[in-house]
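Novice: Here is what each chain is made of, one letter per residue.
There are 2 protein chains.
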Amino acid sequence: MKIICSKSDLLKGVNIVGKAVPVRTTMAILECILIDASGDNIKLTANDMEIGIETTIEGEISEPGIVAIDAKFLSEVVRKLPDSDIIITTYDNLKTSIVCEEGNLHFDIVGKSGEDFSNIPFISRNEPIEISQFALKELVKQTIFSIADNDSNKMMTGELFEISEDNLKVIALDGHRLSIRNIKLNNNYEYKKVIVPGKTLNEVSKIVPGFADENVSIYITDNNIIFEFDETVVVSRLIDGEFFKLDHMFSTDYKTKVKINKKLLYDSIDRASLMAKEGDKKPIVMDITDNNINLSITSFIGSMNEDIDITKEGVDMRIGFNPKFFMDALKVIDDEEIDIYMLDNKAPCYIKDAEESYIYIILPINLTNLN
Amino acid sequence: MKIICSKSDLLKGVNIVGKAVPVRTTMAILECILIDASGDNIKLTANDMEIGIETTIEGEISEPGIVAIDAKFLSEVVRKLPDSDIIITTYDNLKTSIVCEEGNLHFDIVGKSGEDFSNIPFISRNEPIEISQFALKELVKQTIFSIADNDSNKMMTGELFEISEDNLKVIALDGHRLSIRNIKLNNNYEYKKVIVPGKTLNEVSKIVPGFADENVSIYITDNNIIFEFDETVVVSRLIDGEFFKLDHMFSTDYKTKVKINKKLLYDSIDRASLMAKEGDKKPIVMDITDNNINLSITSFIGSMNEDIDITKEGVDMRIGFNPKFFMDALKVIDDEEIDIYMLDNKAPCYIKDAEESYIYIILPINLTNLN
Chain A
6 MKIICSKSDL
16 LKGVNIVGKA
26 VPVRTTMAIL
36 ECILIDASGD
46 NIKLTANDME
56 IGIETTIEGE
66 ISEPGIVAID
76 AKFLSEVVRK
86 LPDSDIIITT
96 YDNLKTSIVC
106 EEGNLHFDIV
116 GKSGEDFSNI
126 PFISRNEPIE
136 ISQFALKELV
146 KQTIFSIADN
156 DSNKMMTGEL
166 FEISEDNLKV
176 IALDGHRLSI
186 RNIKLNNNYE
196 YKKVIVPGKT
206 LNEVSKIVPG
216 FADENVSIYI
226 TDNNIIFEFD
236 ETVVVSRLID
246 GEFFKLDHMF
256 STDYKTKVKI
266 NKKLLYDSID
276 RASLMAKEGD
286 KKPIVMDITD
296 NNINLSITSF
306 IGSMNEDIDI
316 TKEGVDMRIG
326 FNPKFFMDAL
336 KVIDDEEIDI
346 YMLDNKAPCY
356 IKDAEESYIY
366 IILPINLTNL
376 N
Chain B
6 MKIICSKSDL
16 LKGVNIVGKA
26 VPVRTTMAIL
36 ECILIDASGD
46 NIKLTANDME
56 IGIETTIEGE
66 ISEPGIVAID
76 AKFLSEVVRK
86 LPDSDIIITT
96 YDNLKTSIVC
106 EEGNLHFDIV
116 GKSGEDFSNI
126 PFISRNEPIE
136 ISQFALKELV
146 KQTIFSIADN
156 DSNKMMTGEL
166 FEISEDNLKV
176 IALDGHRLSI
186 RNIKLNNNYE
196 YKKVIVPGKT
206 LNEVSKIVPG
216 FADENVSIYI
226 TDNNIIFEFD
236 ETVVVSRLID
246 GEFFKLDHMF
256 STDYKTKVKI
266 NKKLLYDSID
276 RASLMAKEGD
286 KKPIVMDITD
296 NNINLSITSF
306 IGSMNEDIDI
316 TKEGVDMRIG
326 FNPKFFMDAL
336 KVIDDEEIDI
346 YMLDNKAPCY
356 IKDAEESYIY
366 IILPINLTNL
376 N
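Protein chains in written order, with this note's numbering: chain A, 6 to 376; chain B, 6 to 376.
Hints listed in this document are in silico derivations from the structure and should not be mistaken for laboratory results.
Mixed in with the good hints there might be a few duds.
Since copy identity is lost for identical chains, a pair holds within one copy or between any two.
[Claimed, not checked] No farther apart than 20 Å at their CA atoms in a straight line, the calculated lysine to any residue pairs in the SDA-like style are these:
hint : residue 1 : residue 2
1    : K329      : N371
2    : K24       : K211
3    : K357      : G180
Please model the complete structure; the sequences and the hints are all you need to start from.
Specialist: Next comes the structure, spelled out in structure tokens:
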């Protein structure tokens with residue numbers, strides 16, 4: 006194999022597919038990036054058996070062939086090459102050289118046989134769902150923090166993607182909170198409902214450039230989801246099973262509604278969280294009265310309390326929350342003012358806008374048990 | 006005690022003295038910052054018994070007093086306060102409140118008695134050595150990387166400061182390399198020679214703002230060195246003992262002199278170091294012939310070699326180095342072209358300019374032992 010491509014194209018490609026290289030594995034071949042120049046294009050592929058990423062880079066093939074090269078090494082070397090054309094040549098014994106155009110710089114390493122590489126399965130595709138790169142990245146950022154970070158319930162490590170007509174609803178939950186985003190698509194689609202692994206969404210949102218006027222095409226099959234954009238294809242398994250029934254969660258009853266400046270609330274909870282060290286589950290207590298919310302927290306370190314002006318509808322309320330859950334939600338809401346709906350101090354609290362483009366549901370902490 | 010100061014002044018002061026708070030200590034009082042408002046000014050102090058830092062902040066004392074507050078807590082809280090005036094009040098039982106000017110935000114904690122705090126010793130001062138903030142910061146940056154990072158030889162964990170007439174010479178060494186910087190001072194001083202702990206120099210260079218037109222005043226006594234700038238005083242112990250005799254190192258003999266572009270050499274060694282993983286002591290081999298240097302390295306990962314144009318005087322040379330030592334020195338040299346002097350492949354190699362404003366001496370690695 007002999008290929009010629011620019012350093013910058015090669016680096017971009019290696020960085021993209023590198024996201025599918027497992028951090029730890031016992032199979033050395035999975036730690037490799039496959040360079041496939043057996044066809045018309047130079048294709049780079051990595052595959053950790055859950056997610057596979059393939060991207061095509063610009064370049065010239067002077068001798069067709071394939072080789073697998075350790076991903077970490079390839080990425081470090083390419084990053085440190087001078088900005089010039091790069092020639093990669095593999096010989097019969099898999100010895101591979103990476104040489105600069107000027108010829109004054111040579112790297113020599115031993116590659117692995119491309120035959121041993123687990124290629125991404127071929128999946129037949131139907132009509133894709135089109136969504137802007139920007140919207141997809143935002144959707145993930147606005148929900149991914151509320152998936153569960155361990156495997157005790159597999160379903161909670163993914164996000165529900167539910168498409169009905171021209172609406173895409175994304176739901177993430179971890180048993181203490183639930184994040185929902187709704188966005189309008191440009192077309193109508195057949196009803197579909199799948200659970201996408203959180204890890205896949207994290208990696209996809211890192212490599213999608215995020216242009217508002219360019220799309221990602223999403224293909225959904227029985228077991229897989231495919232994201233296609235620019236010269237890149239990401240194939241991931243779906244999580245098996247039926248997602249949680251959540252209809253009973255969406256009551257519209259409330260006894261207290263608070264309108265508050267988001268930044269003031271965020272900053273105050275941020276200060277309060279200084280008092281709650283990792284692991285000790287001190288709640289931040291919200292005392293809601295006419296035109297005022299008093300936030301307070303007490304721990305072995307000391308105490309903090311702060312008053313913020315609000316507009317209140319309904320009854321007074323005293324309710325406690327995990328400060329982190331509130332901050333996570335506030336961080337991804339763009340509105341300057343937000344509405345918070347509460348029924349009582351044991352029922353889930355809702356932060357949502359009028360159109361329900363976002364709904365963040367947070368379970369309170371029972372204050373009576375703490376005293 | 007009751008004081009009023011702006012958030013930004015308080016934060017600046019806490020960040021400065023915080024550098025003298027030990028990361029680990031069994032004495033809780035050392036983890037505190039002392040707020041001393043018993044005199045005319047608000048003074049903040051921290052002291053880990055090796056280095057003490059004291060700074061004065063703007064503000065108003067409405068009730069004199071002193072209190073010690075946990076440094077980590079104080080720094081986190083102050084950072085997260087809104088931009089406004091801050092009122093700190095300490096009551097008889099050491100309960101201390103930090104309140105925003107608007108009165109809507111209260112932090113309450115328990116401080117420690119200022120009486121238990123180890124104040125910085127009073128040291129009588131003679132004539133100071135004046136050096137620009139910028140020059141001092143640069144001097145430290147350009148040498149500190151070559152002190153030894155463990156205590157097996159205490160002397161090597163510090164830097165020699167040698168003042169003779171209007172010259173300040175700074176020397177750092179770790180047994181494998183030696184870094185020297187000379188700078189001209191604006192005045193003539195009495196001859197002095199002291200060993201300043203590397204830790205002190207690191208912290209001082211972090212907190213000195215670095216203005217070229219503002220000075221640091223350095224006072225040297227038998228056991229201590231004092232750095233004074235702006236509203237801040239840093240007092241540190243000196244390292245006891247006689248520094249290494251180095252005169253025999255400074256031979257001007259050489260058999261090969263190489264003039265080379267610094268950036269090309271740095272980038273090449275940087276690439277080569279990809280082949281030498283932490284811990285395995287693979288040398289980079291330099292093969293110097295007329296007009297060319299060939300850099301090469303071989304390890305279990307693979308091999309690299311690169312040619313760079315040079316101007317050579319003297320004989321051909323083949324010599325090996327620890328790539329990191331060469332890169333550390335090249336990183337802090339500002340010249341575009343550098344001169345390297347070699348006697349043979351076992352003798353120290355010199356990188357220096359004509360005026361000897363810098364001299365970096367690096368011991369080669371014996372290549373014959375490696376084959």
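Novice: Hint by hint, say whether it matches the structure.
Specialist: Do the hints match the structure? See the list:
no. : hint        : in the structure
1   : K329 x N371 : within (16 Å within a copy, 57 Å between copies)
2   : K24 x K211  : within (8 Å within a copy, 36 Å between copies)
3   : K357 x G180 : within (19 Å within a copy, 65 Å between copies)
No hint from the list above goes unmet by this structure.
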